[in-house]
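Student: Okay, here's what each chain looks like letter by letter:
There are 2 protein chains.
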Amino acid sequence: MSLATSRRLEVDLGDRSYPIIIGPGIISTAESYKNSIRSRQVMVVTNETVAPLYLDNVLQALRGFHVEQVILPDGEQYKTLEILNSIYDALLSSRFDRSCTLLALGGGVVGDMTGFAAASYQRGVDFVQVPTTLLSQVDSSVGGKTGVNHPLGKNMIGAFHQPRCVIADTDTLNTLPERELAAGLAEVIKYGVINDISFFEWLEANIERLLARDSEALVYAIERSCRDKAVIVAADEKEAGQRALLNLGHTFGHAIESGMGYGVWLHGEAIAAGMAMAADMSFQMGWLDADEQERIRSLLQKAHLPVDPPAEISAERFLELMSVDKKVLNGELRLVLLRGIGKAEVTADYAASALQQTVAV
Amino acid sequence: MSLATSRRLEVDLGDRSYPIIIGPGIISTAESYKNSIRSRQVMVVTNETVAPLYLDNVLQALRGFHVEQVILPDGEQYKTLEILNSIYDALLSSRFDRSCTLLALGGGVVGDMTGFAAASYQRGVDFVQVPTTLLSQVDSSVGGKTGVNHPLGKNMIGAFHQPRCVIADTDTLNTLPERELAAGLAEVIKYGVINDISFFEWLEANIERLLARDSEALVYAIERSCRDKAVIVAADEKEAGQRALLNLGHTFGHAIESGMGYGVWLHGEAIAAGMAMAADMSFQMGWLDADEQERIRSLLQKAHLPVDPPAEISAERFLELMSVDKKVLNGELRLVLLRGIGKAEVTADYAASALQQTVAV
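Taken in order, these protein sequences are the chains called A and B. Residues in the first sequence are numbered consecutively from 36, following the working numbering. Residues in the second sequence are numbered consecutively from 36, following the working numbering.
These are computed hints drawn from the structure, not numbers from a lab. Virtual Cβ for every residue (Gly too), placed ideally from N, Cα, C. Watch out, some of these pointers could steer you wrong.
Claimed, not checked - A short, non-exhaustive set of chain A residues, derived as facing chain B with CB atoms under 8 Å:
id, residue
1, 120
2, 125
3, 127
4, 128
5, 130
6, 154
7, 155
8, 156
9, 157
10, 180
11, 187
12, 188
13, 191
14, 192
15, 195
16, 352
Please work from the sequences and hints to get the whole structure.
Tutor: Rendered as structure tokens:
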């Protein structure tokens with residue numbers, strides 16, 4: 036336990052509203068789960084890295100339920116239909132019925148796959164999320180996006196499926212590798228850059244505390260990130276307009292992940308470089324001034340994140356990778372660019388030359 | 036063309052309402068599609084049996100769209116995640132974006148798989164259904180159920196996803212094998228048995244016209260079946276209560292399909308035998324009188340449908356197969372039984388002995 040107290044945030048989605056509980060040590064108490072699990076059968080889905088660290092804590096807290104477990108291999112390269120099928124196998128072998136609950140214990144990959152399994156098992160069952168990485172605590176906690184990758188594109192198969200509850204335990208971040216902590220900070224920084232300049236300034240002042248895993252700073256940053264994201268998502272649950280702002284850095288970032296092979300760059304690392312590329316392109320177009328571009332690059336670098344695309348991907352290949360992205364509407368590539376820090380905009384109104392220059396490493 | 040005129044039925048689901056258009060020759064006219072397809076990209080999914088018969092008609096009617104096609108192998112045994120994946124492959128290889136439309140041309144298997152592909156491709160795209168079997172015209176036209184089978188259970192993976200439009204062309208039934216026409220009639224009869232005794236009586240009087248594929252009789256039977264189903268579904272879109280009535284014969288029927296191996300019995304055949312079993316069990320419990328039980332068996336037999344379970348499945352195996360059925364709620368097996376023709380009820384309140392006697396061939 037630490038001095039930080041736990042916080043509770045409601046994501047307001049009408050009859051699919053749910054709480055996000057944020058704090059140290061909360062995965063280990065029965066209290067955290069009891070209002071959100073309404074079935075006897077609970078399938079805990081985790082991976083081989085997280086299981087030895089936290090599975091016992093969760094199982095202890097779930098005494099009294101009929102709990103089964105699936106332990107997946109760890110890594111983005113396993114976010115496939117085939118591995119998803121092993122969750123269905125476990126559910127059916129254990130004869131879980133349509134009133135059951137799936138609980139995801141792990142990072143974004145575990146959460147996305149478990150969420151999609153919950154969305155599609157018997158056409159939809161309950162889902163509780165226990166994210167154990169900073170990235171998943173601030174990203175997949177809000178929005179209801181679930182899914183798996185396809186060899187031809189990331190997150191191409193999936194569904195919107197809201198959890199019944201999210202339990203974000205900051206103590207689980209103590210075992211997170213440095214590189215993954217940094218990757219999570221990329222998304223945290225993203226919320227500041229999109230539309231919350233005062234949060235961006237707070238991050239500039241507190242980035243060292245976050246890197247030192249100060250509980251209080253983490254609870255604050257996670258809550259504020261989730262709140263920023265929830266405001267955008269509530270306005271636009273199915274991603275027609277406003278929500279696309281959350282893709283800042285993602286069109287570039289997905290091209291990096293896909294071009295390097297899933298798992299070589301972490302998602303957050305690719306998003307960091309993608310955000311820096313969006314800032315660069317915005318600067319070239321005269322939307323962003325040099326000072327703001329530098330503040331973005333500098334904060335990302337202080338968080339130990341990459342700010343340039345990998346040299347391995349040629350400019351030509353980069354553009355090719357970008358054209359299969361989900362954000363392509365009727366063949367027209369839309370990008371999230373910056374009018375300033377805290378002033379992101381979705382646009383297809385840019386010079387092709389600015390894009391070409393940005394992807395030319 | 037025939038003397039029968041086409042009919043239009045609205046399925047009322049708020050902002051997901053859609054029309055069912057029923058009539059001879061309607062798949063071949065651009066008019067049928069034009070208000071329902073709002074994208075340029077259209078992926079037609081069909082199978083190797085239907086493609087040589089009707090694909091050209093549909094492609095002609097869709098001139099002006101960017102149309103691609105996927106031709107699946109034909110059969111319930113191909114309703115798998117693996118074959119589903121070939122639809123994603125085609126979509127991604129053709130660079131279809133999230134504004135695209137998937138059009139299912141074929142029977143229930145093609146419709147269920149294409150619908151689930153549409154529900155899950157990029158987390159949901161438009162879906163138009165062109166059912167070419169009687170079963171799919173009266174069953175999958177209404178309800179939004181989509182999905183694939185798993186080796187351990189039928190339709191265990193799926194989603195609710197409403198079509199933008201259903202185009203049920205009675206001319207396509209002219210090429211339907213006798214056995215499949217009969218299988219479709221099983222579901223038609225089911226609607227009468229559940230809650231529409233006057234339709235049941237109409238069927239007793241007109242079963243020969245339907246077997247002779249009289250267009251006018253078919254349009255009437257399809258429209259009335261869809262209407263009966265739509266009333267139940269509109270009251271209960273996500274299958275909590277009322278909608279379970281539609282599973283009349285299905286708990287027994289799924290056990291038959293699964294026990295014999297998918298594809299050995301047609302779905303409609305299994306449902307016919309399952310309905311006769313439900314009637315038998317209802318009779319044993321004193322819910323249904325002998326005369327009514329006989330009328331149900333007799334109508335099914337006149338439609339060339341089986342009324343007894345296959346001898347290959349032992350009573351013990353039958354019960355085992357039933358216990359993994361989706362309709363098992365917290366381990367309690369609920370069945371749809373009959374208080375009379377047109378008076379179906381969902382219940383878990385029955386003597387185990389009646390169930391055991393029913394499955395004992």
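Student: Against this structure, judge whether each hint is valid.
Tutor: Hints, verified against the model:
| no. | hint | in the structure |
| --- | --- | --- |
| 1 | 120 | 6 Å, holds |
| 2 | 125 | 10 Å, violated |
| 3 | 127 | 4 Å, holds |
| 4 | 128 | 7 Å, holds |
| 5 | 130 | 6 Å, holds |
| 6 | 154 | 7 Å, holds |
| 7 | 155 | 5 Å, holds |
| 8 | 156 | 7 Å, holds |
| 9 | 157 | 5 Å, holds |
| 10 | 180 | 7 Å, holds |
| 11 | 187 | 4 Å, holds |
| 12 | 188 | 6 Å, holds |
| 13 | 191 | 6 Å, holds |
| 14 | 192 | 5 Å, holds |
| 15 | 195 | 6 Å, holds |
| 16 | 352 | 16 Å, violated |
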